[in-house]
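**Q** Sequence:
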Amino acid sequence: VGRNGSGKSNWLQAVQFCLGLGPFAVLRAEERQAILHEGSGRAAVHAFVEVVLDNSQHRLAVAATTVTIRRTIGWKKDEFFLQRQRCTKQEITSLLEGAGFSKQNPYYIVQQGKVQALCTMSDLERLRLLQQVAGTVLYDEKKRDSVSHMNDNQGRLDQVNDVLQEMQDKLTDLESEKQELQAYQKADRQRRALSYALYEKECTKARRQLAQIDEERQTHLTNTLQQLHHDVKSVHDRIRNIESSVLPVSNASLKRWNQQVQRTRKQNAANRTTLQTRQDKLHSMQGMLDKQKAEVEANRSHAEELQAQLTKAERQLEDVKPMREFAEKELKDAQQERREKEESIQGFYAKQGRANDFTTAEERDTFLQTQIQEIQEHVDTRRDKLAQHRQTIQSAAENQEKENSRMEKVQSQISEKSKHLADLTKSSQ
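Letter 395 of the sequence shown, counting from 1, is numbered 395 in our numbering, and no numbers are missing.
Keep in mind that the hints were calculated from the coordinates and are not lab data. Check the hints yourself; a few may be wrong.
[Unchecked claim] Here are the in silico distance ranges between beta carbons for each label pair: (1) Gln316 x Gln411: 18 to 24 Å; (2) Gln309 x Thr366: 56 to 62 Å; (3) Gln411 x Asn268: 48 to 54 Å; (4) Val147 x Leu174: 19 to 25 Å; (5) Lys170 x Ala197: 38 to 44 Å; (6) Ala197 x Gln159: 53 to 59 Å.
[What the hints assert, rightly or not] Here are the computed lysine to aspartate or glutamate pairs in the DMTMM-like style, where the Cα-Cα straight-line distance is at most 25 Å: (7) Lys312 x Glu297; (8) Lys89 x Glu30; (9) Lys293 x Glu304; (10) Lys409 x Asp290; (11) Lys114 x Glu125; (12) Lys385 x Glu318; (13) Lys312 x Glu408; (14) Lys201 x Asp214; (15) Lys402 x Asp319; (16) Lys332 x Glu374; (17) Lys291 x Glu305; (18) Lys409 x Glu304; (19) Lys417 x Glu305; (20) Lys312 x Glu403; (21) Lys417 x Glu295; (22) Lys291 x Glu416; (23) Lys142 x Glu125; (24) Lys385 x Glu330; (25) Lys329 x Glu398; (26) Lys293 x Glu408; (27) Lys281 x Asp423; (28) Lys385 x Glu325; (29) Lys312 x Glu398; (30) Lys266 x Asp280; (31) Lys332 x Asp319; (32) Lys89 x Glu141; (33) Lys385 x Glu337; (34) Lys419 x Glu408; (35) Lys142 x Asp214; (36) Lys76 x Glu50.
We put the beta carbon where it would ideally sit given N, CA and C, even for glycine.
Just need the whole structure built from these sequences, with the hints factored in.
**A** Structure representation (structure tokens):
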């Protein structure tokens, strides 16, 4: 209680600021900076408010008769202290809620105008106010939160039960698979044991057969060696007999036999040399013959190409003949037309009565010159065409003569090659 301007509101706001209530619950950096004093002199860097509460009845869950709560702010910090030890805002809130200072019960600090508002409240509003003051609203909210958490936990429990059931099903399947695997392993061990026994039996049988085969081979080798020794001995006996029978031969007959052998060898060497010479000559003649055959084949293919070109030239000449005949016909027509035009011009000059059609001699001469010029142009055009046709015919004739001469030359070459080939064939025979 005090006069206006004595600082009652500031003291109340300081308590709310320290306990983190009302508009001071959450402060941004600019709001904290605005709270700091900015008077003359050096600016404040930080500030704090400390509240000491009587805890003689132990309403606060602290083992002390007095509880000290401090809040310190700065440009970059906002810290709470409980009993001179740093703590969080949530710890301060939980401590106050345990003593009845709850956000849902803002009436433990009565500001100006609240008493009048309480007097004008309706019965339902007063009931709600009493519930808030008594703290039942907080417990109702906690109950609703607890029920919600229980429902969530029940849903999670159901999910866990479903997962457990699935795991139980999987365990059942795995147990059956385990039994099958154990049965398979047991059968596999039996199979391997039987396979090993069978393999051991086959190995024993193979060893016996191998020993028998070695014994038979040793016996066969022994018999074979004995037979070979007997054969060698008989051969040595025969050699000695032959040597004893050959020795009596006289040296003279042996010398004559050696001379005869030497002559036979010389004669064979000479015959071999002659035969080799003839073979070399035959090989060279065969190569020349093959070469001549290749040349004849090449000349024959060339002759066929020339024959095809000659046929083509003859066809072109056949194609040019109608053009030649047409050109000669046009030449005759042009000459005939020229003669007719000349006769017509002479008729123009002969007719004197025609001069009456023109008023002056100049008009007559102009008309006649025009007619003469047209006739002359027509004759020149016909002459040019005739010259072109004559040139075409002449070039075709020259091409035909060239092809004929070339064909004759190829025919002569073919005849020479054929004759030479026949001579080579006779010589080789």
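**Q** List, from low to high, the hint numbers that the structure doesn't satisfy.
**A** 4, 35
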